[in-house]
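Novice: The primary structure of each chain is shown beneath.
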Amino acid sequence: MSAISLLVCDDSAMARKQLIRALPVDWAVTITQACNGREGLAAIRQGLGQVVLLDLTMPELDGYQVLAALREEGLAAKVIVVSGDVQDEAVARVKALGALEFIKKPADPELLLAALKRHQLLEPSPQAVERSAELAAFKVGFRDAFRELSNVAMGRAAALLARVLGVFVQLPVPAVNIFEVGELHMALSDIEHGERLSAICQGYIGDRISGEALLIFHDCEVADMARLLKRTLNGRPAELELMIDLASLLIGACVAALGEQLDSNFSVGHPQMLGQHASLERLISANKTRWRKTLAVEISYALEGHAIHFDLLLLFTEDSVPRLQQKINYLLD
Amino acid sequence: MDIELHWLLDILQHIDVGVVVLDRQYQVSLWNGFMANHSGLDADEAVDKNLFELFPELDQEWFRAKVESVATLEVRAFTIWEQRPYLLRFKGYQPITGQADFMYQNATFLPVKGRSGQVSHVALIIYDVTHEALHKQPAAGAQ
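If you're matching them up, the sequences are chains U and D in order. In terms of the numbering used here, the first sequence opens at residue 1 and continues consecutively. In terms of the numbering used here, the second sequence opens at residue 1 and continues consecutively.
What the hints contain is simulated information worked out from the structure, not anything from laboratory work. Accuracy of the hints is not assured; some may be wrong.
[Said to hold, decoys possible] Per label pair, the in silico range of CB-to-CB distance:
hint: 1; chain 1: D; residue 1: Ser69; chain 2: U; residue 2: Glu241; range: 30 to 40 Å
hint: 2; chain 1: D; residue 1: Asp16; chain 2: U; residue 2: Leu332; range: 41 to 51 Å
hint: 3; chain 1: D; residue 1: Glu57; chain 2: U; residue 2: Leu332; range: 44 to 54 Å
hint: 4; chain 1: D; residue 1: Glu132; chain 2: U; residue 2: Lys230; range: 31 to 41 Å
hint: 5; chain 1: U; residue 1: Ser248; chain 2: D; residue 2: His6; range: 55 to 65 Å
hint: 6; chain 1: U; residue 1: Leu228; chain 2: D; residue 2: Arg64; range: 27 to 37 Å
[Unchecked claim] Derived, one-sided and incomplete: chain U residues facing chain D with beta-carbon distance under 8 Å:
hint: 7; residue: Ser132
hint: 8; residue: Ile178
hint: 9; residue: Ile205
hint: 10; residue: Gln272
hint: 11; residue: Met273
Just so you know, these numbers come straight off a predicted model, no measurement behind them. Quick reminder that beta carbons are idealized off the backbone N, C-alpha and C, glycines included.
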């Protein structure tokens, strides 16, 4: 018998490992891995992807572009999308592009099994398939793993934002870096573009992990946001309330989703206004004497069809990193 | 369990204020989420332990005097950050962009009566007043 060829296409090694581990143990498949849409499409063209588990948020070609290319080229891959982008509109779009199923990350093995059964893709082999060597071969770095956790968290937050604003949120691949605290504003200069900014900050702490989430608004876009929310901005208090509401939503959802994945409960502090109508350097005057380095996650949300974007920064203290590493190792074992 | 009681416990766990209940031997009887998250000690690591063993840097003599007077006089006692910046040294909520190295705290000591009507426990309520402290300090220094 010739085994089904399965392609696992995701830019995160951690996500690929989690997916391969979630496969039914008696499903005899030959597995190919791809770390972006372009590689994935090439593998499918070579016949290595009768069944495809496809991520959406990827560099090079994203999942939507892969689906569109499959349709254009008439390639008959059976695609199950496995993504952290859980907006209703994302699900509708991939289904319209021909995906058979949508499974939210991290993939629940039961749901994956049910989806494979529904589309008659399971060809059980008489004995369990040994995948331990394949799984042991994974070398998942800390940044890769943390990017994947952030990816799921930002997707959760985006789904709420999409619902509240009635828009589609374009999700980037989150950037995970360790910066010198003193250089933070320089490292983040992409955000500024010489514009005036306002930022809301909310601290979180729990399970020996702590940090601050900063939501950065471009002042020129606040009025457009108010229009989407059908609010009138008469004066500073209304402007502030809008920013606090959006920050609580995005930061709350993001921190809760991170905590859920790490099995940690975080306390979240009251929002603070870091500054209004200021430069990034003035907004983020970091405490350089206390910390040398910070682990920073940068997520840039853009609203499709509107010239609006927000930057969400999660800044973890240096002493949170060993604990995060420990938690991630536990997740990967 | 009554649904209202369930609510109260859930709120007590998640409220952004520290709540600790100590018995008369200074053993921890209750340790809410704020205490766990800011101290790094989970409830199962803190409950039934002696507070002075958990926080050796706490001034025992001073603390005992405070608690004993609350228990015997059956009145509340307070500490404010100007007098004592913190009761227990905790990390604050703005570790990166904030200027404080620790959480400034106000604290309330409450007598808690048992069924017999005698004070059987003392509750500590810890408030994070870092923001207030940082914004008041320069003005005080300027005088």
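Novice: Each hint needs a verdict: does it hold in this structure or not?
Specialist: A quick look at each hint next to the structure:
1. D/Ser69 x U/Glu241: 30 to 40 Å: violated, 44 Å
2. D/Asp16 x U/Leu332: 41 to 51 Å: Between D/Asp16 and U/Leu332, where Cβ atoms are some 33 Å apart, the hint is violated.
3. D/Glu57 x U/Leu332: 44 to 54 Å: violated, 37 Å
4. D/Glu132 x U/Lys230: 31 to 41 Å: Given about 35 Å between the Cβ atoms, the range holds.
5. U/Ser248 x D/His6: 55 to 65 Å: violated, 25 Å
6. U/Leu228 x D/Arg64: 27 to 37 Å: Between U/Leu228 and D/Arg64, where Cβ atoms are some 58 Å apart, the hint is violated.
7. Ser132: violated, 33 Å
8. Ile178: U/Ile178 check fails; min Cβ-Cβ to chain D is 13 Å, beyond 8 Å.
9. Ile205: holds, 5 Å
10. Gln272: This interface hint holds because 7 Å falls under the 8 Å limit.
11. Met273: violated, 11 Å
Going through the hint list in order, the structure does not satisfy hints 1, 2, 3, 5, 6, 7, 8, 11.
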